[in-house]
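A.B. asks: Listed below are the residues making up each chain.
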Amino acid sequence: MVVGAGQAGGRAVEAMRAAGFNGRVALIGEEAYPPYERPPLSKKLLTGEVEVETTYLNPVEFYADGDIEFMAGVRAESLDVEARRLGLSSGAEVVFDKLLLATGGRVRRLAVPGAALAGVFYVHTIDDSLALRAALAGARSVVAVGGGYLGLEAAAAARVMGLEVTVVEREANLLDRVAAPEIGRVVGDLHARHGTRVMTGADVAAIEGEGRVSGVRLADGTVLAADAVVVSIGIIPNTELAEAAGCEVGDGIVVDEFGETTVPGIYAAGDVANHPNGFLGRTLRLESWQNAQNQAIAAARAMCGAPVPYNEVPWFWSDQYGVNIQLAGVPERWDDIVFRGDPGTGAFSAFYLLEGRVVGVTGFNAAPDVRFGRKLIEARAAVDAETLKNPDVKLKDLVRQTVSTAAAAG
Amino acid sequence: MAWHSVAKSADLDDDEVIGVEVDGKEIAVYKLGGVYYATHNICTHEYACLSDGYIEGDRIECPLHQGYFHIPTGKAQGAPVTEDIPTYPVKEEDGEILVDVPDK
Ligand SMILES: Cc1cc2nc3c(=O)[nH]c(=O)nc-3n(C[C@H](O)[C@H](O)[C@H](O)COP(=O)(O)OP(=O)(O)OC[C@H]3O[C@@H](n4cnc5c(N)ncnc54)[C@H](O)[C@@H]3O)c2cc1C
Ligand code: FES
Chain A
693 MVVGAGQAGG RAVEAMRAAG FNGRVALIGE EAYPPYERPP LSKKLLTGEV
743 EVETTYLNPV EFYADGDIEF MAGVRAESLD VEARRLGLSS GAEVVFDKLL
793 LATGGRVRRL AVPGAALAGV FYVHTIDDSL ALRAALAGAR SVVAVGGGYL
843 GLEAAAAARV MGLEVTVVER EANLLDRVAA PEIGRVVGDL HARHGTRVMT
893 GADVAAIEGE GRVSGVRLAD GTVLAADAVV VSIGIIPNTE LAEAAGCEVG
943 DGIVVDEFGE TTVPGIYAAG DVANHPNGFL GRTLRLESWQ NAQNQAIAAA
993 RAMCGAPVPY NEVPWFWSDQ YGVNIQLAGV PERWDDIVFR GDPGTGAFSA
1043 FYLLEGRVVG VTGFNAAPDV RFGRKLIEAR AAVDAETLKN PDVKLKDLVR
1093 QTVSTAAAAG
Chain B
81 MAWHSVAKSA DLDDDEVIGV EVDGKEIAVY KLGGVYYATH NICTHEYACL
131 SDGYIEGDRI ECPLHQGYFH IPTGKAQGAP VTEDIPTYPV KEEDGEILVD
181 VPDK
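If you read the sequences in order, they're chains A and B. The working numbering puts the first sequence at residues 693 to 1102. The working numbering puts the second sequence at residues 81 to 184.
Derived from the structure by calculation, the hints contain no laboratory data. In this text, a Cβ means the ideal position worked out from N, Cα and C, and glycines have one as well. Hints are not guaranteed to be accurate.
According to the in silico footprint, chain A covers these stretches of chain B (three or more CB under 8 Å from chain A) [as the list claims (entries may be wrong)]: (1) 137-146; (2) 159-173.
Calculated pairs, EDC-like style, for lysine to aspartate or glutamate (alpha carbon to alpha carbon, straight line, at most 16 Å) [to be verified]: (3) LYS1088/A to GLU136/B; (4) LYS1086/A to ASP95/B; (5) LYS1081/A to ASP1028/A; (6) LYS155/B to ASP138/B; (7) LYS735/A to GLU126/B.
Use the sequences and the hints to build the structure in full.
C.D. replies: If you want it as structure tokens, here you go:
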């Protein structure tokens, strides 16, 4: 039984059948759509370059064809662990042997006066994305609140659609939670070059408007005119069912490397799960496409009796103004950042080093660099900053050398 | 049969891949352990050139979302890619790499 028909839930049921499991598989999802990928929602689905169906993990028939009971538009409301029973919003009850909670998160709402006005949008579901697309089509100016990847993508999409766009970020740097200030500035420059106004260190005091949005008032009194406001200030993990079941919950539902919670037979995966990562040497909750897919697959295999531990260098990407940004690793601390290529000209990568080892990498239109960077993070190998910087050195060769030296050194 | 010269042998090192175009078709040409292979160059998930990807053993990893394809057969190797890519015959002659691309 899987609760939550998002990316993690969808990949999990697929993996259960792929692992040869022949028993009953059911997928319960609150949304009206089959499992889909969210990344296009703030990118090409928002600009109208792709349509809804392209985001589906699998065609609609896949579930019936694979003997997967898919219940759309149904919410799991209660969980009785003793009886192994779920109570559903339809009034029905279902029993299970094993349960995967892939309930993701819900958007954190802006808590300022006027936040409930018409014209304030969030981008989390297909319906959100379509509603925002329609609003942008009729708008002239938009304010994006939150300068994380999501807010920046929404801003870029609106700008590409020809609107006047301002990004408002409370912290001193864009991408404050996930990137070094240097990288935040490169992204800020990218937006500025495309005519998007970026305001950092700016707190929103209120959304103004009579009945619908007319502007955003900042803490310093500045008022930015806006026909629409897009808020992207994070998500809150949906841990209620797990809490009711007595599972340990910290920042998300605590699971082991097989996705199992502290209650045997109950698993969790995706945005909602807080899991151990061997490469980072700590536990963490990730909100990423890679994690939603691969952690869910690992949990599904464990549930079917074919456990393979989940351990990957975290990886994330974002697309803004046609620039593909990728990052690997989640560096908390670093003592040097080494640039390969020139941030001013487009394609480049930046390696985060800690005590001579690569702990993170970000690439702008530089997917191969990030891929090799992942290898270096995995190997925890010592690298020479000058060599890393040298455009005449092929990363492929550097990786081969470093990784074999590290292996020889044990 | 329509063999097309797509590159010089010297252009491709072992464990490398290059992207070429033949009759408007995007093709990726690989050299693995001295043997040449050719597949369609565009990923079946979203749009990306596999020739920008990463070779791991006999698989090519897509640069965008890490879908894998088996280079000799073009078989998709799991999420997020589910659809295979076509492969093409390839040979080396007189220092040139030739690919057999079927006419439309
Ligand atoms: C707009 C947007 C853009 C993104 N772009 C990127 C990107 O470029 N790169 C990247 O790496 N990541 C990106 N992400 C993050 C990535 O999409 C998420 O990490 C991923 O969707 C998480 O999948 P999930 O299945 O864990 O959770 P979700 O996708 O949130 O799915 C959870 C599902 O469970 C349902 N549910 C919850 N509770 C219940 C219940 N009690 N009963 C029934 N159903 C329930 C919810 O309705 C939801 O459909 C993006 C996210 C968003 C929102
Ligand atoms: S485009 Fe190749 S995996 Fe997504």
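A.B. asks: Let me make sure I understand: some of the numbered hints might not hold for this structure. Which ones are they, in numerical order?
C.D. replies: none
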